[in-house]
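*Asks:* So the chains spell out like this:
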Amino acid sequence: NAGVTQTPKFRILKIGQSMTLQCAQDMNHNYMYWYRQDPGMGLKLIYYSVGAGITDKGEVPNGYNVSRSTTEDFPLRLELAAPSQTSVYFCATQGANEQYFGPGTRLTVT
Amino acid sequence: AQSVSQHNHHVILSEAASLELGCNYSYGGTVNLFWYVQYPGQHLQLLLKYFSGDPLVKGIKGFEAEFIKSKFSFNLRKPSVQWSDTAEYFCAVNANSNYQLIWGAGTKLIIKP
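Chains as they are written, first to last, in this note's numbering: chain X, 3 to 112; chain G, 2 to 114.
Watch out, some of these pointers could steer you wrong.
[Claimed, not checked] Result set (EDC-like, lysine to aspartate or glutamate): computed pairs, CA atoms no more than 16 Å apart in a straight line:
hint : chain 1 : residue 1 : chain 2 : residue 2
1    : G       : K62       : G       : E89
2    : G       : K109      : X       : D40
3    : G       : K50       : X       : D28
None of these hints come from the bench; they were simulated from the model.
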């Protein structure tokens, strides 16, 4: 099992560009999450999903959108990239007793 | 709003020293508590968790944590650290039915060989 996979690993965007961060899981978990991690700030929840077709905002959703058409995939969309979105993005799923994380995407917006 | 505080952002220790990393949370109800670890270049992974029962929980690699309800604390301990414990450690709290975690800012631990 691959667990939680994320692509790309690294990306540099110019201000105003858009992109989609991909997240896929093969554990058949219903709950999925997108976090951003900024230095000294811990992880902040951007969006989450409790199952296919159902998504909801987390703590810091502005500037992002998500969709969940299947159990396996939970892409995160940035429409108009801003320097404030420079961060490391983690996707996670909820298992029986813990969350499982992907390797992260390091995004720089210049 | 719920919050999680980790007292030290950076800790530097020598091998064989004892470790205690502080974690306090603000929530008066029932909580589930976690410590996650991120080794250099690796995924975040679960170190240990507390749901109920014995407030002293043991995790992987010789780590343990004690839940003290009266102090709203869940401190992480290890009696003798190794160089391989160099990592960033995150405390997290769950207090709702959507499994959402509130995270501390993290503590970067460096172990000098």
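*Asks:* Each of the hints needs a verdict: does it hold here or not?
*Replies:* Against the structure, the hints:
no.: 1; hint: G:K62 - G:E89; result: holds, 15 Å
no.: 2; hint: G:K109 - X:D40; result: holds, 14 Å
no.: 3; hint: G:K50 - X:D28; result: violated, 24 Å
In the structure shown, a violation is registered for the earlier hint numbered 3 alone.
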